[in-house]
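Trainee: Letter by letter, the chains look like this.
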Amino acid sequence: MHSAILPILTPLLAGFMLLLIKNYGINNQRILSVASLILLFAVSLSALLQVLQHHYIVYAIGGWEAPYGIVLVLDRLSILMVIATSLLAFGALWYAIISDTDKKGAHFHVLFQLQLFGLNGAFLTGDLFNLFVFFEILLLASYSLLLHGKGNGRTKAGLHYVIINLAGSSLFLFAVGTLYGITGTLNIADLAHKISMLPNEDISVIAAAGLLLLVVFGLKAAAFPLYLWLPNAYSKTSAPVAALFAIMTKVGIYAIIRVHGTIFGDNAGGLANYYTPWLLYGGLMTLILATFGVMSSKELKTQIAYLVLVSVSTLLISLAMHSVDAMSGTIYYMIHSTLMAGGFFLLADVIVRSRGKIGGKLIKAPFFEKGVLIGTLFFVFAIAVASLPPLSGFFGKTMILFAAINHQQQGMIFAVILLSSLLVIITLAQTGSQLFYDTENSVEPLKANVTNNDLYPIVFLLAFAPLMVIFANPLTEFTQHTAEMMFDTHAYLDAVLNRSKGAH
Amino acid sequence: MAYFPFEKQTLIQSWRWIPSIGLDFAFRLDGLGLLFAYLILIIGLLVIVYARYYISSRDSMGRFYSYLLLFMGSMLGIVLSENLLQLTVFWELTSLSSFLLISYWQHTPQGRDGAKIALTVTGAGGLALLAGILLLGHIVGSYNLSDILVSGDAVRSHSLYTPVILLILLGVFTKSAQFPFHFWLPHAMAAPTPVSAYLHSATMVKAGIFLLSRLYPALSGTEEWIILVSSAGMITLLLGSFTALFKHDLKGLLAYSTISHLGLITLLFGFSTPLATVAAIFHIINHATFKASLFMVAGIIDHETGTRDMRRLGGLWTYMPHTATLAMIAASAMAGVPLLNGFLSKEMFFERTLIDETLLNFLSPIFATLAGAFAVAYSIRFIHSVFFNGKMKTLPKVPHEPPVFMKIPVDLLVVACFAVGTLPMITVAPLLAVAVTGSLQTSPPEYSLALWHGFTLPLMMSFMAFFGGIFIYYKRQKLFEWYEKNLSHIDARIPYNKTLHALYRIADFFASMLHKESLQTMLVWFLSVSFLAGIVGFAYGNSPMLGERNFLNVDLMTIIMTFILIIGAIATAAMHANRLVSLIIIGIVGLIVSLLFIKFSAPDLALTQLSVEVVTMILILLALYYLPQHTPKELPKTKMIKNILLALFGGAGVFILTLAVLSRDYDTISSYFLENALTGGGGTNVVNVILVDFRGFDTLGEITVLAIAGLGIFAMLQGLKLYAPSKDTHGSLWSTDIYPLILQTLARVLLPLMLMVGIYIFLRGHNLPGGGFIAGLIVSVALVVQYLANGIAWTRKRIPFSTHNLLAYGLLIATVTGLVSMVIGYPFLTSAFTHLDWPMVGEFEIASAIAFDLGVFLVVVGTTVMILVQLGKLSLNSHRSPKKNSKEDQNTWK
Amino acid sequence: MEIILALMIAVLTSAGIFLILQTRTYPVVLGLTLLSYGVNLFLFAMGRLHIDKAAILGDNENAYTDPLPQALVLTAIVIGFAMTAFVIALSLKAYSKLGNDHIDGMHTKKRRER
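In the order they appear, the protein sequences are chains A, B and C.
Read the first sequence against my numbering and you will find it ends at 507, with the numbers running on by one and no gaps.
Read the second sequence against my numbering and you will find it ends at 905, with the numbers running on by one and no gaps.
Read the third sequence against my numbering and you will find it ends at 238, with the numbers running on by one and no gaps.
Note that these hints are calculated values from the structure, not bench results.
There's no promise every hint is true.
Said to hold, decoys possible - In the DMTMM-like style, the derived pairs of lysine to aspartate or glutamate whose C-alpha atoms are separated by at most 25 Å in a straight line are:
# : chain 1 : residue 1 : chain 2 : residue 2
1 : B       : K496      : B       : D260
2 : B       : K610      : C       : E126
3 : B       : K650      : B       : E528
4 : C       : K177      : B       : D676
5 : A       : K367      : B       : D519
6 : A       : K364      : B       : D519
Hey, can you work out the whole structure from these sequences and the hints?
Mentor: Okay, structure coming up:
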């Protein structure tokens with residue numbers, strides 16, 4: 004019966020237990036941290052099984068029912084995000100341990116667990132203000148993780164990231180305040196309910212608040228023109244953190260699905276789906292500029308950061324299409340891009356370490372040890388990230404394009420997505436060629452302290468690309484049903500507001 | 012026939028894959044697929060044998076074969092797919108595996124560039140194909156060929172037909188190297204020769220052709236099809252056969268020859284008649300056999316002599332007669348000499364051009380003959396310049412016959428050329444028939460594979476081509492000179508490169524314009540977008556800006572406070588250059604804010620605001636100690652004006668938003684809290700009950716934020732040392748008295764007092780303004796004062812706990828309070844309370860929420876002390892060694 | 125009353141925006157502080173304005189202010205405090221790492237170029 008809160012409590016408890024054992028050596032911390040992740044995965048899986056049975060599980064914290072208290076809402080989408088997060092976190096943590104990143108500053112494991120606490124809370128909460136609180140948790144944890152260890156430009160990137168997000172938090176409060184000031188409620192389902200009965204004279208104010216909220220989520224998701232913070236923040240931080248950050252932009256996407264999808268859904272009267280055009284044009288612009296960013300990157304990690312942006316903008320476009328098929332594609336592609344971007348950041352770190360002084364700069368360098376193996380991994384990741392077959396990205400993107408056929412702007416969507424894909428393919432071919440083919444062969448290959456152990460977490464994350472293809476049938480059935488449920492706001496409202504006895 | 016047990020029957024095997032988009036894991040074996048599968052497998056086998064002796068021992072054999080098999084599998088996937096989406100999967104896979112194969116010799120720039128160009132062009136085509144197929148399936152309602160092939164009429168009459176055919180043909184033309192996308196193929200010749208023999212003669216380039224024949228029943232026959240396909244085919248045919256003659260590289264010649272033959276086949280499909288299809292499919296078979304063998308011969312020559320340049324070769328006949336014989340037969344087939352397979356299909360092609368009424372009419376046969384003549388010319392050149400043409404010149408290696416297993420594959424292919432050319436009815440007719448059936452999806456038309464049809468017009472064309480070719484070759488020197496002078500510089504790669512460079516320049520332009528690492532740029536974008544979002548939002552609906560709710564009356568007190576606050580805020584902004592002054596002013600502003608909270612019935616907020624204010628001011632003061640005392644003026648005036656405007660717009664937006672809400676009435680869920688605070692939460696201070704009970708989860712999150720801030724700051728500042736200035740801005744020395752005595756005494760007296768106040772505030776919190784947070788801040792201030800007054804070492808000795816543990820236990824207590832309720836079967840954080848009769852205090856409610864609040868209290872104390880001590884610690888060295896510091900610059904750090 | 129409150133919120137926000145657009149960390153910290161004052165007042169005002177109606181049960185009969193926004197503002201204040209502390213510490217770190225208190229660390233760059 005506590006399945007909704009366990010994914011939140013597990014990392015929280017692990018977080019302060021780690022704090023209590025901080026004097027007992029790094030090994031104990033590592034064991035506890037990994038154990039907590041495994042436990043998190045286990046409780047998330049059991050929650051998933053329950054969701055498959057009951058559809059919605061509403062958990063009233065403190066026994067205070069919605070809309071008065073804070074409720075957690077466990078449904079297919081939220082638990083899927085939690086599971087994806089735990090998988091990504093597992094890969095990131097594994098790499099952090101193997102590469103000793105966790106030793107390079109204080110409290111890495113505590114912050115890592117609390118970051119997961121924030122993420123899972125944001126995925127599971129059904130209350131708008133509580134979402135704000137969890138946003139702050141995950142942001143503050145991410146600020147600290149971003150600064151973890153030493154790195155060039157990390158402080159500056161951190162400063163920008165923190166300040167722009169603080170401005171975003173202020174805007175979040177303005178938006179939440181306005182929504183409360185008009186509707187008198189904070190629960191997302193109740194907001195949807197109130198907005199569906201909104202008197203005409205209040206529509207404008209709610210519309211303004213909704214768009215302000217969209218700006219906030221757009222900032223998190225890194226949509227045009229709010230993405231400028233992302234490339235530096237992602238490329239300058241340590242590899243495991245950058246990998247974990249792959250889920251951060253998806254929090255923004257998720258919040259749009261959850262909040263805007265619910266309160267400005269089909270039942271919202273005059274405001275039904277009014278935000279989607281903005282999403283579409285924002286997404287298209289982001290995709291174009293992110294592609295340019297990929298093309299003009301002079302450094303590997305920066306390039307991958309822009310690739311994250313490419314995937315995010317594809318998701319925004321898909322989200323804006325507002326159909327079951329598109330939503331299904333969004334969810335599938337979201338999982339894919341999260342895990343792949345995470346793995347790619349880890350691989351980039353291995354490459355940067357292997358290339359010695361030259362690091363990630365895309366210039367001619369000597370070849371390095373294990374170059375063939377690492378190059379093969381790079382090739383496969385490039386295929387996955389560029390959405391080429393036979394890996395999951397292709398199928399996700401095809402689902403999205405399939406859904407786009409029925410959209411009024413089909414031509415523009417097709418053109419932008421496909422041209423961007425092409426330019427990404429060309430650029431990645433160029434990058435791979437630069438890193439692994441066009442090397443200085445006159446000198447001995449560089450020796451780096453990269454072992455096969457460093458590659459295991461990368462392969463772990465990469466393995467999901469073929470797995471998601473092999474199991475595409477059950478997986479897409481799941482995403483399809485999930486998408487259908489996301490559009491069935493009535494069922495969500497019934498479940499959360501306890502309107503009918505049938506719901507849980 | 013014994014080897015077609017399924018003649019007249021199509022085998023389909025399918026599994027569900029992604030049903031929502033109509034993607035099945037589905038395979039189909041019909042005549043067309045079978046033919047291509049044979050080509051892929053048989054020539055593949057021969058290439059595998061051949062390559063074993065071609066690839067040198069220094070190169071990785073394993074890598075080569077894994078790429079090759081990957082390619083072979085993908086190619087089979089294309090020709091055997093039932094589902095078109097699945098076909099695109101394999102299609103892209105061939106592009107990828109061919110990238111690996113072409114760049115196999117990655118150390119050569121040609122290999123890398125060739126691979127990239129091939130990937131770019133075929134990759135682009137693949138994406139277009141994907142789009143085209145998505146639309147095609149959308150029209151038909153299924154992606155399965157079984158459905159699509161019978162829906163030709165529906166497809167052709169659909170409004171999306173034109174985009175569909177454009178996109179699909181883009182895929183076809185790029186893959187099959189049709190003009191204007193042909194240029195990637197010659198560059199792909201950087202690949203090892205077995206790869207060229209396989210990919211660039213028999214298989215990959217045929218994938219596009221395959222798709223033409225596959226989708227023939229669904230797409231062909233319209234005006235668009237005929238114009239697009241046959242004109243691309245015709246141009247490619249002419250261009251390829253013409254250019255081939257002038258290539259001095261053996262593989263270059265073969266590459267352009269391949270281009271021209273692909274053009275020929277495409278042209279035949281463009282004619283859009285069943286008989287043309289027969290000719291096309293027949294030529295696919297023939298071209299695959301003779302071209303694969305010729306590539307292998309080129310490979311042998313390269314392998315044995317070390318060069319492929321025809322200007323350096325010659326006279327090899329005496330050294331390698333076996334190879335030369337094979338080459339001559341295969342080249343004759345390419346030229347269309349009778350008794351060889353090339354002749355048969357070329358005759359059929361000539362025949363088709365004669366009755367072409369669609370495109371060029373009478374020009375068709377003329378062009379065809381011209382192309383035939385050039386084919387003869389370059390075939391002669393291939394043989395003559397390599398094996399004859401005088402004595403052998405000095406070569407990198409002394410040539411001799413290759414290993415047996417390099418010749419056997421060529422032997423077999425040449426035998427096939429001969430067998431098909433002489434006995435077509437026995438050898439190729441059955442396969443051709445089923446393949447044509449598979450392509451047309453109906454029974455094939457009447458056609459004859461006979462060698463002799465009498466003195467027909469096509470035969471005349473063959474003769475003309477033959478003698479024309481000989482004449483052209485005879486005049487080659489002049490032609491070469493003319494070509495060198497006028498045409499050799501024309502290369503489709505140049506516009507390709509220009510386009511790419513232009514794209515990258517555009518990308519760089521936007522990137523350098525937008526992607527500056529400047530916080531101001533980010534903030535300006537953010538603020539502008541927020542402002543616009545607000546305005547645009549207000550434009551939805553036609554509600555009035557303000558509602559009709561009555562406002563409260565203004566009183567003097569508030570006006571004075573407002574006045575001070577506004578002056579203060581503006582002064583902070585205006586005087587921020589003088590940092591200390593602006594800090595004092597902002598302190599006053601904060602004070603007014605807490606007074607406003609008191610004024611408007613929020614005593615808890617006022618207390619909190621006040622205590623936070625105090626701690627924040629200490630923090631900023633500490634920070635200011637290290638930072639420069641003044642802010643330089645560096646913003647240009649225009650930027651300053653822009654900022655001011657943005658600030659004013661923002662303020663105006665907030666002003667309107669505030670009033671828009673405040674002028675409206677609302678129904679709130681809050682009445683529930685007022686009703687249930689006492690009965691359900693056991694407290695009379697509703698705000699506090701909300702915090703620790705109704706919305707206790709928020710508070711749990713909030714103290715986690717605090718804890719993370721503490722830990723984050725701890726981690727961030729660890730090991731950081733800042734040397735603070737030893738002089739103030741006026742140049743006078745800071746006091747070096749480390750811990751002033753008065754402060755010490757005062758602090759020690761104050762400590763118990765403040766602790767008492769803290770505990771009092773904490774205990775009354777549930778019923779009266781107060782609570783864990785405020786109490787925590789008061790206690791932390793008390794503790795911090797001890798640190799300030801007595802030093803860290805002294806205080807740490809006397810305070811027996813570590814801030815880390817305090818923080819952890821605080822979180823633990825708060826969470827465990829919630830867990831307890833879970834253990835006894837209630838949701839997380841469910842509260843319980845009871846009334847206790849305490850001596851002295853009187854009746855007292857004790858709620859589990861108090862334990863929660865205790866957790867809050869501990870976290871606040873732990874975090875605040877941790878942060879302040881951490882900041883204080885930075886200065887450890889600053890007072891200790893004033894001498895050393897005074898020598899250094901004000902802004903030195905370590 | 126509402127109008128002058130809105131005015132206060134607007135001025136606080138304006139001043140905050142102006143300050144966060146400055147080029148040094150210190151004014152940005154001040155700006156964020158002012159901005160948070162503005163936001164907190166705004167959020168608080170969303171419960172509408174009430175005088176002498178504190179939500180302490182028993183003080184007034186049936187006439188209380190809306191306690192929910194107050195609770196929200198309390199949370200917001202605490203979170204704001206944590207964030208401010210973090211930014212202050214970060215600005216110190218940036219000062220130490222970048223060699224100046226410019227938000228983009230401009231001067232170090234120039235120095236290196238020389």
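Trainee: A separate judgement is required for each hint: does it hold in the structure or not?
Mentor: A quick look at each hint next to the structure:
1. B:K496 - B:D260: 18 Å, holds
2. B:K610 - C:E126: Between K610 (chain B) and E126 (chain C) the Cα gap is close to 13 Å, so the pair holds against 25 Å.
3. B:K650 - B:E528: 17 Å, holds
4. C:K177 - B:D676: 18 Å, holds
5. A:K367 - B:D519: 20 Å, holds
6. A:K364 - B:D519: The hint holds at about 16 Å.
When the structure is compared with the earlier hints, no violation turns up for any of them.
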